[in-house]
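Given the coordinates of chain A, work out where chain B should sit on it, guided by the hints.
One-letter residues, chain by chain:
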Amino acid sequence: MKKVSLNVNGVRRQFIVQPDYVLLDLLRKDLCLTGTKQSCDRKGQCGACTVIVNGKAVRSCLTKVADLDGAEVISIEGLGKPQNPHPIQEAFVLAGAVQCGFCTPGMIMAAKALLDENENPTADDIKKALRRNLCRCTGYKKIIEAIQLAGRFLRGELTPNQVRPDPNQGLIGVSHPRPSAMIKACGVAEFTADVRVPGATELAVVHSPYAHALVKSIDTSEAQKMPGVIGVMTAKDVKGTNRLKYIVSDRPILCDTKVRFIGDPVAAVLAETREQAVAAAEAVKVEYELLPVMMTPEEALAEGAPQIHPDRPNLCYSQPQVRGDAEAALAQSAAVVESDFSTQTNHQAALEPEACVAYLEQENGDLPTLVVIGRSINIHYHMSMLQDAVGYENMRYEEAYSGGQFGIKIDITSEGLAAAAALHFQRPIRYIPSLKESMWLTSKRHAFDMKVRLGADAQGKLMAYAIDFTVNNGAYHSNGNVIVNRAIQMLSGSYYIPTIKAMSRLVYTNTTWGAAARGAGPPQVTYALESAVDMLAEKMGIDALEFRLMNLLKPGQPRSTGRVVEQWPLPELIEAIRPHYDRARNDAAEFNRKDGVRKRGVGLGIGSFGIGGPGDTATVAVELDPDGGLTVFAAAADPGEGNDSMLTQIAAHLMDLPMEKIRLVTRDTERTTATGPAAGSRITYMVGRAMVDAIDKLKAAMVEGNAASHEQLRAIGRPIRYIGTKKNEDAGPLDPQTGQGPSFESQVHAVQLAEVEVNTANGEVRVNKMTTAVDAGRVINPKNLEGQLEGGMDMGVGFALREKYVEGQTKDWVSFKFPTIGHSFEMETIIRETPRIKGPLGATGVGEMTMVPTAPAVMNAIANACGARVRHLPATPDKVLAALAEVSPLGIPGGIISNGVKG
Amino acid sequence: MEGVAQAVARRQEFGEKVRRIVGREITFDGEGFFWDPHQWDEEVAESLAEEAGLKELSETHWRILRFLREYYLQNGRSPLNRQIKEGTGISLMQMETLFPGGIKYGARRLAGLPNPRTCS
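Residue numbers (our numbering), protein chains in the order written: chain A, 3 to 905; chain B, 747 to 866.
Derived from the structure by calculation, the hints contain no laboratory data. We put the beta carbon where it would ideally sit given N, CA and C, even for glycine. Check each hint, because a few of them may be wrong.
Claimed, not checked - Chain B stretches covered by chain A per the calculated footprint, using a threshold of three residues with CB under 8 Å from any CB of chain A:
# : stretch
1 : 816–822
2 : 826–839
To be verified - Computed list of lysine-lysine pairs in DSS-like fashion (alpha-carbon distance at most 27 Å, straight line):
#  : chain 1 : residue 1 : chain 2 : residue 2
3  : B       : K850      : A       : K247
4  : A       : K130      : A       : K806
5  : A       : K503      : A       : K463
6  : B       : K850      : A       : K241
7  : A       : K701      : A       : K729
8  : A       : K5        : A       : K66
9  : A       : K729      : B       : K763
10 : B       : K850      : A       : K729
11 : A       : K238      : B       : K850
12 : A       : K31       : A       : K45
13 : B       : K763      : A       : K503
14 : B       : K763      : A       : K247
15 : A       : K701      : A       : K438
16 : A       : K813      : A       : K31
If we strip away everything but chain A, and leave its shape as in the complex, we get (with noise of 0.2 Å):
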């Protein structure tokens, strides 16, 4: 032990510490300060728990309390709060550098130390300086903004409320900060891991070191008797179905008969503290008898092959679709390309682990409520997944803020253990697994094998498109026939194809089980349309731009799915991208003149994003407070995308009030309408909608009942609660033989201009820049929308160059190769406004769009570069010079190409 003397945020203070007590303990645990964040599993990767020490930004989970005697520490609650902000923490809010907010305390902290050296700094100082703190959100470009913005404050070039948005300027289209960005920038927003439960105590999880096994015993005596230790829970311990049903009852809180995945939760143990649990849990015996592993769905669907679940044949879904005779007019076309591409599994990679808190909450002698808190987008249809896994019905669900989504809590992990343990030890639950443990514990995008046809006629028309996909769905089926459709329903992309053939399936592996991630089907089938296309262009000697334009779908012309869609505004912006496109092929073929071993590149990619599927329906609630505010209910999470803007804007405007008398309640289960999931970019389009039809109700009653106020309706008589609803009335399933039917209502278009260079010498390869033309209607927050389309593109691109989930070796931020701000690009935003026909003041979604174009620009600017096609994601080095191998028969590294020609 050492006894310090430390003064943190002002106060000098006392500690007795062990000597390897770290600083990010110390501010969480001791000090109550949980403004500093914990990610990465104390490996300094994050950069979440950046704090100042003696005037340095250091990672307070590697900085020893002993080695810090009389030191001066700072952390983000000693910056400012939220009624006396800190310039920089106004900067980071009033340039939209804020989405989840996970990563924004350390993000500031580490700016400030940079500023009180350098009150002028430039962008390559910041990447510098931050280079070791991660952002999932932002793509980094508002943050590098937000600190060249705090610069100007400091500097007293400008004030922030110079910069502040002026209320009169109007509330839709305007930038105003989000309502909760400035409570996470002051560190002071409630994360799961915040939340303090008087006497919580700890579980650890005994996770499976196995693919595929069956559980013969599991031996707790050790385990029982180590020090701390409440209890051991084992399957036979959850009252309910200790299912986890998303769609299908296939996936157990606890295993009880066989293990399906590496990660696969066996056991539980509750100890005291954190470190007594987790050395419990390596005390527990589990014996298991080893069963064939299949890894690929070839495997899974080989001759003889195991069923996976016992129910259900490891071919667990398809769904075909059929649009004329795509044989006869591929054999018919003038010139056809073939080709097979894959997508790899991914990791979605929201920063914060997979926290969940849970706990009985007595009421004058009712039956308790088990009170869960996490980090759902969808409380009440994961709380009636949980009531059923655990058996228990009296229970409420309550959102935290959420480090970061990107379809990762579509499906719930950690809630069944937690629930589980809080019913079974009848004590208030911690579950705070490690970021190896949350990797282990949730999906992951999807991997896909596509072979893919694409044909058209002599003038360059598309005339037919064939595909055949395959989904590794790994051990869990989760929302696995959802992903497939939607990869269907949006099959031919931002084309009309006259006949489509297609055919897919989804195949339980002993993989990782994949389910929602950003796109979610869409950003796969995707790349291989984008990267084919390209390839027929080049084939048939078409610009790429003009083969593009001339084979998008028109207003009137159906989709894949047969439907016809109303609005397709994408013309307008393939002409927007034209100049960029025009400049960045110029700059580099002049590049390319220069260079030998490097090889500039320019590349496209379009996305037609659906949203608002079939029979989807949101529903919010209104009431019109005695203050003359309005709180709108509904369960509308918002893990970062800003989705408290839009709602608070487009009620304030609707409302003629200010944004102060807007009041959210969207996080419990008890107060909120069921609406649906913060997915699939829906909330805007539906639940925007929802509560436009909402307010539309009480102005009307209001109007009838000549009633001005709370006071007014209530003396008349009216209620002062009104119900709103949005549906896609277009329902049902597609066929399912032919694929035709229902469709989504709306659309958002991008169109993607990817800017790189290729070192044809060691095949690695640089984003300079990428460039979005963007139509997702009206826009209400400018900056949100910004900030979802840089987000998008720098998570695109990292999906296209490095990002992969490998079983067994993905373990942290460092082997996921989780995009820095070292590896952020130029991002450029071209916006247009077509009003959507059905949407809230004519807006439509944007976020999960933002990266379904990206990767297959990506790809199509290295072909442009080096003659390099890469058809299997992601495009290492390499795979970049295998690629080039195969253009280059000599095996020359950038001796194929000659100003852009091949030679």
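Showing chain B alone in chain A's frame:
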């Protein structure tokens, strides 16, 4: 190993189903919940009850079904069991036995309440 054709045939379990009940087309989700609670009426409820093995809906049944509907239409979500108990004065045990499938999968379906999910 099951082939693609069988998988295609089996896939309908995941989607909505349109059924004709008392002369009207009504859409149900894969678990038999109403897609649109406004497609419900008392005649439809009686028909669904008969399918579920309830020859007649008693006044006690109706008290629960009406409470469920009123609560849903006012709050935009289904009530918890304790809220149904408070609202109807009927014990949970009695409610569970009154409806085949219990409250969640019996009464809620008969009352025309949707599943709490809408997944695009």
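Taking the numbered hints from earlier one at a time, note which ones the structure violates and give those numbers from smallest to largest.
-> 15
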